[in-house]
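Protein chains in written order, with our numbering: chain A, 1 to 355; chain B, 1001 to 1301.
Just so you know, the hints here were simulated from the structure itself, not pulled from any lab data.
What you are looking at is a predicted structure, and each value in this text was computed from that prediction instead of being measured.
Cβ coordinates follow ideal geometry from the N, Cα and C atoms, glycine included.
Keep in mind that a hint or two might mislead.
Unchecked claim - With the Cβ distance kept under 7 Å, some of the chain A side facing chain B (calculated, not the full set):
id : residue
1  : D102
2  : R106
3  : L110
4  : D114
5  : T115
6  : D118
7  : E132
8  : L133
9  : A139
10 : R144
11 : F299
12 : V300
13 : F304
14 : A305
Read off the chains here:
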Amino acid sequence: MATQASAEGAGAPAPAGAPGNRGAAALEAPPPAVVVFGLTKSYGDIEAVRGIDFEVAAGETFGFLGPNGAGKSTTIKILCTLARPTTGRASVAGHDVVSERDAVRRNIGLVFQDTTLDNYLTGAQNLRFHAELYAVPSAAVEPRMKQVLDMVGLWDRRDSLVSTYSGGMQRRLEIARGLLHAPHVLFLDEPTVGLDPQTRSSIWEYINDLKRREDITIFLTTHYMDEAEHCDRIAIIDHGKIVAIDTPEALKASVGKDRVQIQTADDAASIRELADLFGIEAAIHEGAVTFSVESGEQFVPQLFARLSVPIRSVSVSRPSLDDVFMSYTGTTIRDAEASGTDHMRQMAARFRGRR
Amino acid sequence: MATQTAQPGGIAARDEGLATQIRVAVPERSLRSDLRAVSIVWRREMIRFRRDRLRAVTSLIQPLLFLLVLGTGLSSLARGSMPPGVNFKTFIFPGVLAMSVLFTAVFSAASIVWDREFGFLREMLVAPVSRAAIVVGKCLGGATIATFQGIVMLALAGLAGVPYNPVLFLILIGELLLLSFTITAFGVMMAARITQFQAFMALTQMLVMPLFFLSGALYPLSGLPGWLSVLTRIDPLTYVVGPMRHAVFSHLNINPVFLAHLSPGITWAGWIVPIWLSLAIVAAMGLAMLGVAIAEFSKPE
Chain A
1 MATQASAEGA GAPAPAGAPG NRGAAALEAP PPAVVVFGLT KSYGDIEAVR GIDFEVAAGE
61 TFGFLGPNGA GKSTTIKILC TLARPTTGRA SVAGHDVVSE RDAVRRNIGL VFQDTTLDNY
121 LTGAQNLRFH AELYAVPSAA VEPRMKQVLD MVGLWDRRDS LVSTYSGGMQ RRLEIARGLL
181 HAPHVLFLDE PTVGLDPQTR SSIWEYINDL KRREDITIFL TTHYMDEAEH CDRIAIIDHG
241 KIVAIDTPEA LKASVGKDRV QIQTADDAAS IRELADLFGI EAAIHEGAVT FSVESGEQFV
301 PQLFARLSVP IRSVSVSRPS LDDVFMSYTG TTIRDAEASG TDHMRQMAAR FRGRR
Chain B
1001 MATQTAQPGG IAARDEGLAT QIRVAVPERS LRSDLRAVSI VWRREMIRFR RDRLRAVTSL
1061 IQPLLFLLVL GTGLSSLARG SMPPGVNFKT FIFPGVLAMS VLFTAVFSAA SIVWDREFGF
1121 LREMLVAPVS RAAIVVGKCL GGATIATFQG IVMLALAGLA GVPYNPVLFL ILIGELLLLS
1181 FTITAFGVMM AARITQFQAF MALTQMLVMP LFFLSGALYP LSGLPGWLSV LTRIDPLTYV
1241 VGPMRHAVFS HLNINPVFLA HLSPGITWAG WIVPIWLSLA IVAAMGLAML GVAIAEFSKP
1301 E
């Protein structure tokens, strides 16, 4: 009797706790959304991914930054169960990507680089198809469709054929579709590739809005430096390896100091005071008193508080992610892409997008 | 803003933002979810077919040419071997029905190749449903469309002197459905391996024409030279055209001598293959090809 009781006692709380990723576990640190350990993937002789490890916390927006051919898409394919890892393990939303493929698929949303919409269906029909395929409970389909379509501003166009949508609208519809079944993790593989700058920034508005509204982890790949700035953390991947992983701020701080430029009533006096008060060496560049500090944002308030010379203007500039990429890989992302590892298709897509 | 405290015991609503959060939990995979997948894949084929009226019309042209132009043209030549009151068009009508289904079914299967080129196949393949559900949905969709095209041709039975007999029509529709399913399964099986649209169309056209010409759609199976006799027995289409012709001719008033010549039944070394076995062969082939298609699509990358 005792064994039976203890077995039940041990068994009972587990199912209650397991799906509680969002509810009960919110009290403590929730389990990571993505865990990758020693992952490699080879296609014949080509090692696309050469042993990577990382974790993505629940609710985080995590970016994979790297040139085309660096292994970003291969990694995302493995995480989405579309490719099997050669060695190593990965789990998404608590499920192993190899042994619990269906469980992973139920919990993820996907937006690929290339459109995967049916142009001959309307926007609503595309979503309906998705809802049925993911077995979204029938009663929830209509309200959820309205919600995600409202989120991306396409509710009014839901009954138009997708072939009449612009590139940006199609991408938004894909994001809405990826969210339809309320996934825990949304994968965005190059979500803005091939779009013009204005559309790109509007896509980012929708993604940022989504982060506020939905309880979701976002995993994205990009080779646009400015897009990586939207992420809570980024991993820089080059030649199938992660060369750096941290917040964009920390990565930038790791490569160099912020540059502060001030314009003052008396430049010579302010240079003297900077040396006396803070021990900072300043000089005049581009007509302004210029110096470097670890963290410009934190330094500027002290500057105003303690400098006796009136300050007319301040500018703080950070090392860019381009600098970060350069310092970790020894090349700029554009040079890395030009080196021939690209997929022609991606090049073509971007070429079209730029025109 | 003390709304945080008013947590109503995990009910599916949050007060964040204006919109209420609709909580959706995707259930575990089950037979029911697989059936929903089969159904939506089928429905998509129907929606696309409805939108594509041009395709519905153009795929009727070829069978109509065979029936009205070739059929009429050869009538005078064939008059001697036809019993009184039976036209050559009547003779080839079952073959023409099979033809209309054949091309439509192959074209329906081609939509998988099309879906792959345009990325939509990926949307289906990453879903948490079994690949079998998707393949079965595709096959049933293609079979429905092809059967529908066959029924449109069937409506023109009067032009070929085939009586509008409800029993006959039911038999023919059943046989068309079987043929449509098998041919779609064949096409889907090919589409698993052939990833380029042009290559798919070229290859299937290359296979479809011999299938049609060897099926006895345009000539009787009796009195053929040995080599052709063997080839007709290998052609799976023979095993549908034969029973369809049998059905048509058994609803006409024909002298048994003519009947034995025009619709002799399929023979294997003199043994007459019964109708049920004929149809069972076609069904078995369809299921086998469906199985291969499912296995092909279930392979991980």
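Outcome of the hint check:
1. Checking A:D102 against chain B by beta carbon gives a least distance of about 5 Å; that is within 7 Å, so the hint holds.
2. Because the closest C-beta pair between A:R106 and chain B is about 4 Å apart, less than 7 Å, the hint holds.
3. Satisfaction of the interface hint for A:L110 is found here, the shortest Cβ-Cβ separation to chain B being roughly 6 Å, below the 7 Å cut-off.
4. With its C-beta approaching chain B no nearer than about 5 Å, A:D114 sits inside the 7 Å limit, and its interface hint holds.
5. Checking A:T115 against chain B: minimum C-beta separation of about 6 Å stays under 7 Å; hint holds.
6. For the restraint placing A:D118 at the interface with chain B, the shortest Cβ-Cβ distance is roughly 5 Å, inside the 7 Å limit, so the hint holds.
7. Among the interface hints, the one on A:E132 holds; its C-beta lies about 4 Å from the nearest C-beta in chain B, closer than the 7 Å criterion.
8. Hint status for A:L133 relative to chain B: holds, with the closest Cβ pair at about 4 Å, below 7 Å.
9. The interface hint given for A:A139 is broken, as the beta carbon of that residue sits about 10 Å from the closest beta carbon of chain B, more than 7 Å.
10. For A:R144, the interface hint holds, since its Cβ comes within 7 Å of a Cβ in chain B; the closest pair sits about 5 Å apart.
11. The criterion of a C-beta within 7 Å of any C-beta in chain B is not met by A:F299, whose closest approach is roughly 35 Å, and the hint is violated.
12. For A:V300, the interface hint is violated, the least distance from its beta-carbon to any beta-carbon of chain B being 32 Å, above 7 Å.
13. This hint is violated: A:F304 has a C-beta 33 Å from the nearest C-beta of chain B, more than the 7 Å allowed.
14. Interface restraint check: A:A305 against chain B, minimum CB-CB distance 33 Å, threshold 7 Å, status violated.
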